[in-house]
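A.B. asks: Knowing the structure of chain B, use the given hints to seat chains W and V on it.
Same order as they appear, the protein sequences are chains B, W and V.
Going from the first sequence to the numbering used here is simple: count from 1 and add 684.
Going from the second sequence to the numbering used here is simple: count from 1 and add 2.
Going from the third sequence to the numbering used here is simple: count from 1 and add 101.
Because the hints were derived from the structure by calculation, they are not lab data.
Pair by pair, the computed Cβ-Cβ distance ranges are: (1) B:884 <-> W:100: 37 to 43 Å; (2) B:875 <-> V:264: 54 to 60 Å; (3) W:100 <-> V:264: 53 to 59 Å; (4) V:141 <-> W:24: 56 to 62 Å; (5) B:801 <-> V:134: 43 to 49 Å; (6) B:878 <-> W:24: 41 to 47 Å; (7) W:100 <-> V:104: 33 to 39 Å; (8) W:100 <-> B:874: 50 to 56 Å.
Where a beta carbon is used, it is the ideal one built from N, C-alpha and C, also for glycine.
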Amino acid sequence: MSRALAIAVNTFRETIRDRILGVIVVFALLMIVGSLWLASISLGQEGRMMKDFGLVAVSLFGLIVAVFVAASLVHKEVEKRTVYVIFSKPVGRAQFIFAKFVGLAATLACVLAGMGLFLFFADWAVSKAPSAMILAATALIYLELLVVVAVTIVLSTMTSAILASVLGITVFVAGQLSRQALSLTSLGHSPVLKGLSWFVYVLIPNLNAVDVKPSVVGELAPDWSQVAAWSGYLVAYAVLALLLASWLFSRKEF
Amino acid sequence: MMTPMDSTAKSHALVVRGLRKTVPVGFRRKQIEILKGVDLAVRHGDVFGLLGPNGAGKTTTVKIVVGLMRPTAGAVELGVDGAGETGYLPENPYFYEYLSGREFLNLCGRLFALERQHRLERVGELLRDVGLEAAADTHLRKYSKGMLQRIGIAQALINDPKLVLLDEPMTGLDPVGRVEVKRIIESLRDCGKTVLFNSHILSDVGELCSHIAIMTAGKVVWDGSVDEALGASNGGLEQFFMDVVSS
Amino acid sequence: MRGVVLALVALACMAAVVGFQVTRPVKAAGNPQVFVPSSHFYEKLSPSYRTSIADVYWLGIVQYYGEHIDGDRRLDSLPAMLDLVTALSPRFIEPYLFSTFALADAGQPQTAYDLLQRGYRANPRNWRLPYQLGFLAYTYGQGKKKKALTAAKWFTIASGLPGSPAFIPRLAAGMLSRGGEREKAIIMWGPIYTEGDKFAREKAVASLDYLLPKGKEARMRAVVPLYDTMPKQEFEALTAELFKGYAP
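Same shape as in the complex, but just chain B (with noise of 0.2 Å):
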């Protein structure tokens, strides 16, 4: 445990030193101020669109950070070739990966908690009464970044760190339209037809199948039951993506 607690911590250091991730807050705060602009010609509605646009902004902004840190995350070592201080110790590659996930999941959790909080106290200061819905929602949005960091570092272990990314965005976006792939398995008649799509959607990661930001603007509440059975579903699926990625990375010479 304490060697991939060490390892861990590492990523962590590593993670959050690089300047990248400074500027990519940086740029999501003034997307979140921006909102406060768009919100003058809304017509008094400035509280609805600061939760709606913020909360946007923190979801497509930690995509960013979880895609491309994700990607880089074990080619780097690869690449720069520190895997050989690390794999001449008695370090196994799935200790390595997982550790690797939470390191970058902590450097994550960082940066969606600084936006979060950001947003929670600007909506605060406009709307005139704080809305924890905005820190449920951030905390829903990190769990579906986890994922697409898991399925990330599974692309990263096949091939080059700009494919991963690029393939990571894409899965965050095959992942929002779920429900779609869901109802094409109702489609046609031919059982190999019905049996790909059954596939497709299941190996697809379901990133919206609980409805929290709606609320945060006062839509309806969600069935919180069914909100801890996705934050389940979610830890379930970037568990087995990092077994996947251990498997693929224990085939792997240095």
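C.D. replies: Relative to chain B, chains W and V alone:
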């Protein structure tokens, strides 16, 4: 592939039998045989030099011993307790440039699950031994080539290993750097550790090693003691090496 | 020399970039007919982003209305845009309220009425929606008594919802009276008197004095229904004022 040694071979820290390695190369993944049956036997306490021209397979052999690569055939037997008692310095090492020397050694110590107090003491000791105390808190990206080699040796020794594998430890060093690394290898020998290192620099090999093996084209073509090698040639180790490689 | 040339090139390029931008004509008001997709198109998208799309269209509505109301006064696509926003985000109240005036300006008060009803069904606890419905019904409805009674119905609903202002019950009572429902109007003034401030009580007394028969006997019979709508003390205070000047 890596197995503990049987009782008849316990006098050896490392035995390699019939090691073969094939790798896919190019777009069509053509299989190229890099190692064609390597046999090595390194006794406990030896300073063993693995020599050969570029592309002979020295680095591949060491990587297989360390576990970075898997052999296609053959076996590696360790007379020490696996990765826990092995130390490795890769060729042209690259480390985490944003860490200081001290932080890096601490990380390596944690990878061996060393207890905190013991680890901190060991880090301090190694920084002194390799002469990097003054630069302990400087980021590795500011280290010179020689300093990087020395911190590399330090990380290879963090777990006080019985078997130390050094891949080209003196490549790219200035004369001062080479003297420092030679001094470290000598002190390892004096402590009874087994050292295997690859090198092109035959004068260093002659000074430090008790036994050598010469590889060309994926096979060991000669192995024996340094004295035997010197005895077989009038022109010193360089001449002996040239004769073996060209024959 | 090369530095000077590079600096001159940079200056020339900067002048071209800035000059091009500042000489662009100010955008004239666009076509009053814009393409507005059906909400079904967006409903397929992730529900998480529906409200964001609704917000983008809301901003578009504000711009569109502003562009055209002072210009050609053509708001052809406004109903479709409002329909889309409210379909994507049914609990976004402002578009429903905005439609009261904006769609009336577009000559479509019935469309506004239908939209507001839809909004009320989605938000049954928001007093502003039935209030606006009452306003629309009275302003644009047909038939003097009929529209007053329809308005009264909506104002009565609004008055029972949390947060509704104190004047709404008075509006309801007034509408009932105009609609010829004298008895219902009388009953409405009881709670207004009980819960209202000084102004509301004066208004209640004046309205009841107008609504109630002038004869003492008839007046006494007419105030009886009020007894069940008010605490005893308030009832006695009210009737004392209503029978001031009458012989004991």
